[in-house]
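Undergrad: Now for the letters of each chain:
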Amino acid sequence: MLIEGIYSSDTLIEIIESKLDVKISFASKNFKNQNFEIKSSTLKVSTILKLIFDPLLFDFVIRPNKILIKKKAAINANSTIVTMSGFVEDLESGERLISADVFIPGTGYGTTTNTFGFYSLSFPYSDSIIIVAQLIGYSPLISSLIERPTENVDFLLRTEDALLNEVVINVKESAFSKTQMSTVKLNADQIKAMPAFMGEVDVLKAVKFLAGVQSVGEGSVNYIVRGGNPDQNLILLDGVPVYNVSHLFGIFSVFNIDAIKHVELTKGGFPAHFGGRLSSVLEVNMKEGNLKEFHGSGGFGLLSAKLALEGPIVKDKASFMISGRRTYSDLIYRPFLTDGLDAGYYFTDLNAKVNWKLNKKNRLYLSFYNGLDKAFDKEDPQANSAFDAELKWGNYTSALRWNHLFSSKLFGNLTATFSRFNFQIGSFYRYDSITTAINYFSRITDYGIKYDFDYQYSNVHSIKTGISYTYHNFKPGALSLSTTASSLQDLDSILNLAPPTFTNDFSLYIEDSWTINQRLQLNLGTHYAAYLVNNKFYNSLQPRLSGRYLLSPSWSLKASYVYMEQYIHLLTNSAIGLPTDLWVTSTENIDPQRSHQAAIGTTLSFGKSKWEFTNELFYKDLKGLIAYKPSASIAPATNWENQIITNGKGSAYGWESFLRYNSKKTNGWVAYTLSKSTRQFAELNEGEKFPFKYDRRHDLKIVLNRHFTKKFSLGLTWIFNTGIRATIPISTYVDLNGVKVIRFSKRNDYQYPNYHRLDVNMNWKKKTNWGERNWGLSIYNAYNRRNPFLIYFDLSGTSRNANQISLFPFLPSFYYNFKF
Amino acid sequence: MMKNVVILFVLFLTLAACTEPIDIDYPEATENLVLNALISEGDTIKTTISKSQPYTVIKSPPSLDDGDLDLYENNSWVAKAYLCERELNSSFASDTSYIYCFDYVAKQNKKYTIEARTDEFEMIKGTTELAPKIEVIVNPKTSSTFIGFTIKDNPNEINYYHFQLLSSDSTFGWTDQLITMSTQDLTIEMIGFNSEVVSIPDGENIGNYAFLTDELFNGKEKNVLISLSFSGNPLNLSFRVQSCSRSYYEFLRTAYNRYTNTNDVISPPTQVFSNVSNGYGLVGSNWDTVINVSN
Chain A
1 MLIEGIYSSD TLIEIIESKL DVKISFASKN FKNQNFEIKS STLKVSTILK LIFDPLLFDF
61 VIRPNKILIK KKAAINANST IVTMSGFVED LESGERLISA DVFIPGTGYG TTTNTFGFYS
121 LSFPYSDSII IVAQLIGYSP LISSLIERPT ENVDFLLRTE DALLNEVVIN VKESAFSKTQ
181 MSTVKLNADQ IKAMPAFMGE VDVLKAVKFL AGVQSVGEGS VNYIVRGGNP DQNLILLDGV
241 PVYNVSHLFG IFSVFNIDAI KHVELTKGGF PAHFGGRLSS VLEVNMKEGN LKEFHGSGGF
301 GLLSAKLALE GPIVKDKASF MISGRRTYSD LIYRPFLTDG LDAGYYFTDL NAKVNWKLNK
361 KNRLYLSFYN GLDKAFDKED PQANSAFDAE LKWGNYTSAL RWNHLFSSKL FGNLTATFSR
421 FNFQIGSFYR YDSITTAINY FSRITDYGIK YDFDYQYSNV HSIKTGISYT YHNFKPGALS
481 LSTTASSLQD LDSILNLAPP TFTNDFSLYI EDSWTINQRL QLNLGTHYAA YLVNNKFYNS
541 LQPRLSGRYL LSPSWSLKAS YVYMEQYIHL LTNSAIGLPT DLWVTSTENI DPQRSHQAAI
601 GTTLSFGKSK WEFTNELFYK DLKGLIAYKP SASIAPATNW ENQIITNGKG SAYGWESFLR
661 YNSKKTNGWV AYTLSKSTRQ FAELNEGEKF PFKYDRRHDL KIVLNRHFTK KFSLGLTWIF
721 NTGIRATIPI STYVDLNGVK VIRFSKRNDY QYPNYHRLDV NMNWKKKTNW GERNWGLSIY
781 NAYNRRNPFL IYFDLSGTSR NANQISLFPF LPSFYYNFKF
Chain B
1 MMKNVVILFV LFLTLAACTE PIDIDYPEAT ENLVLNALIS EGDTIKTTIS KSQPYTVIKS
61 PPSLDDGDLD LYENNSWVAK AYLCERELNS SFASDTSYIY CFDYVAKQNK KYTIEARTDE
121 FEMIKGTTEL APKIEVIVNP KTSSTFIGFT IKDNPNEINY YHFQLLSSDS TFGWTDQLIT
181 MSTQDLTIEM IGFNSEVVSI PDGENIGNYA FLTDELFNGK EKNVLISLSF SGNPLNLSFR
241 VQSCSRSYYE FLRTAYNRYT NTNDVISPPT QVFSNVSNGY GLVGSNWDTV INVSN
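Keeping their order, the protein sequence lines are chains A and B. Residue numbers for the first sequence follow the numbering used here, so the first one is 1 and each next one is one higher. Residue numbers for the second sequence follow the numbering used here, so the first one is 1 and each next one is one higher.
For reference, chain A alone in the conformation it holds in the complex:
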């Protein structure tokens, strides 16, 4: 039967009666006349009725020539509990889908797929159940009237794009029903629709448009979350920490969008399985590779070119994905350099992943990432003497993961990880045939292993537990010297300017998602962390609590409290993500960072679930912060512990509001944050509390994407925020020693002018006989706002004049992408 359009329930019932020649009778007098939007094609009558009446807690019985509608009986707790589990996958590629919702409409029973697309759902069995699987970007899949759920049911979702001309049923149960708060998901398509900067769309730049996330500066990919420090953001690429996410001094992130499948940011209410950072967790997951067909994508922009290939190694059994990106500005200007000189800068990324379905219950994933930034200056190799210099930094990460389905209730994942960030400055002096090389490098290396389990204990208890161990090797600074001089052949030494530190990081967690009734759901957990550095042993038991109460079928109240500890710190003054920033560990003298965080909020879904409106109040208390002493600036190679001040405190509180709209043609959001964040160190600002540098009172972002036709789409983003804080010189005076000194304002007492900017993206897409291609034009800073990046005083004249440096003005760029 085909019914389509918006109808009142009365009208709808009349239509069904006339079309089917049946009589619908009411057993309840409390039926409320409401409007419904029905989009259906070939669904069974029973499915349509169930979709309409289930959320209203009405049931129906089909009799010969009539349909009886009645108030739904409460779920009988004594009904047989069945457990259904399986995977949610992309129908076309076979990729498993993360964070897809699997739920029974109107009952409160539902779950979300984990990082590997696995779900397990227990519920009281009845003979008329509809189960929906859905994910943004995909058409919801409705399994109607499952006779009796088998243990394993996989859902294969079709992308919405593939269904542009078809009609889908709009049944959505979104964030309002989940216990987890302070979380936002983005998929690759949503990110790609946002305006590009210099031809590159960027995952982290998209994340900065979310509520509660603030930029540290123009052009930089680094960000802060809810008044925390930049080092308090854990960024995971396929579960592996990435320590420096910046290319080109923070202007681009290391994430190549063509290799990315899913991005999820958690800003608060951290469940127990997260640990190690205080302010946020950004999970970035790479594509797995198409299990069915070979595909590729690529493109180029102003600065870089990229190519990604994916396909089956053995169809439906094993697949691969490999993606590369490189900037090419150095190649373009190299011919114009003077003879004998070779200098330039470039960055590269290489992502690769292999996944292998061993059998129904076992699957292996191997993923790898390598990014490199390199600046170099080489003199004529033919000359008798030459001085060459090289600066490079980059990350290596890899993960080997083994999924095992023990039963329909128990899923396990074993992961071995490796992560390294390396920064190196080298200089090479050559005279005759003798070369002498001096290299400075700093490095952090992690080796980790963890085992995580998802256990569906019953229809009311869903348990996650796991254990992990990471071995950290911090090398804050080392100098190596080598030479080819025959008299010094043995010389190849490494001088550790700061001794390397080896630490052991262990954690154990357990959390229970407890459905007390249809309205009330709690997530109770604890995270135990232990950290051994030199002879100092830190450990903590960190409670994690969150809860959701359904005020109505589409409106929920949520609250959370978490305590967290962080054992590593980033020594930085810039916060913009320079490679010179040093990751250091807590030691005997430097305590871990600690935080208590609480949040309360509501989530409302309306407009046929196309609109989602979230409001949250948050409070964060921070302890154990570190900062450079006022005299120090760049990470010192020696004795860094003596260059910092410790035991700083901080607090942040505020209100976040997030209104999101998602329909097939239009999507976007408005995010507003009103917040205040402060810091306090005994040695700074005469011990008084002062505003955090990134204490932006108001932060507003608007993101809008609209598909006007099948070929043309337009994306707009607008951002406004209060200026950052700074300490500025206000006067000069003569001190007790008779020296003229500068009097500065109180720390961070000055506020930079406000920041606002409009970006525009226009995209023309065309299907071709080989695939699809699209051209895009992006405009960064469309109305050429001169936003302050840095304020300095010009000392050249007869008076000191304040000047503002603005980075990127009106900046158009283009890109060309293709896929096949």
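Just so you know, the hints here were simulated from the structure itself, not pulled from any lab data. All C-beta atoms in this analysis are idealised placements derived from N, C-alpha and C, irrespective of residue type, glycine included. One or more hints might be untrue.
In silico lysine-lysine, DSS-like type, Cα no more than 27 Å apart, as pairs [unchecked claim]:
#: 1; chain 1: A; residue 1: Lys746; chain 2: B; residue 2: Lys125
#: 2; chain 1: A; residue 1: Lys740; chain 2: B; residue 2: Lys46
#: 3; chain 1: B; residue 1: Lys80; chain 2: B; residue 2: Lys46
#: 4; chain 1: A; residue 1: Lys746; chain 2: B; residue 2: Lys59
#: 5; chain 1: A; residue 1: Lys740; chain 2: B; residue 2: Lys59
Beta-carbon label-pair distances, calculated as ranges [as the list claims (entries may be wrong)]:
#: 6; chain 1: B; residue 1: Asn139; chain 2: A; residue 2: Phe387; range: 47 to 53 Å
#: 7; chain 1: B; residue 1: Ala29; chain 2: A; residue 2: Tyr792; range: 21 to 27 Å
#: 8; chain 1: A; residue 1: Ser552; chain 2: B; residue 2: Ser277; range: 54 to 60 Å
#: 9; chain 1: B; residue 1: Ala29; chain 2: A; residue 2: Val739; range: 18 to 24 Å
#: 10; chain 1: A; residue 1: Trp655; chain 2: B; residue 2: Glu120; range: 41 to 47 Å
Fit chain B to the given chain A structure using the hints.
TA: The following block gives chain B in isolation, referenced to the frame of chain A:
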């Protein structure tokens, strides 16, 4: 080297950017009354007052001669100041510093407050405890390559010490190249601090000075031994041992920090310590012992 990387980055951004003048909305008053005084036991109390200038003004700030100053001992008024001296000082606009004197001698274990006002500025004031007297016994073997002395730390009180090595000849230098800066008065960095009793990591070394808190001494008698090594023969070498009031100690630390860190575009600025309410400057106290080293 890493600092150069950062400066290179800033330069890169600067070149890629556009610059334009901006009006600064200052969060605080830019002109204030400044009061400076260093009080020692047994000495007549002297002080100066001057005026701060907005940072945008390059010319030197003026020393003021229209001040009205009062001295309080343990919160009781004891004397009024008068203009007693003029001193050459090029830091001031008139190259002159006006010095005010109180006809009053500071006494041990007392607290002193100086209040100052002018026609233009309302009253400002600063308070200090008197720095405790310490006994410094010089080791008779002290020479141009070795300085030794004994400090008898006062028990049951918190003391602050400041050591400073001074030389009047610019040819001196450390043979191991540990000098990182030579200031106008040719102060020499005390990295050569070599003692079994006191080591630099336990104290704090900023630039060319050593600052030590009471934690190292704690009411005990301590021998301090410092080895010096010069490439040339030092002349007029002197070693200064100061016991400081807390305010003066904080001033010295932050002031020297500021002097050595003026051109760094990245590091957060150092605020020179001030204990003058409603204005700027320092009212502090010291007890000074100078060990002259013969060649």
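Undergrad: What hint numbers does the structure not satisfy?
TA: The structure breaks none of the hints.
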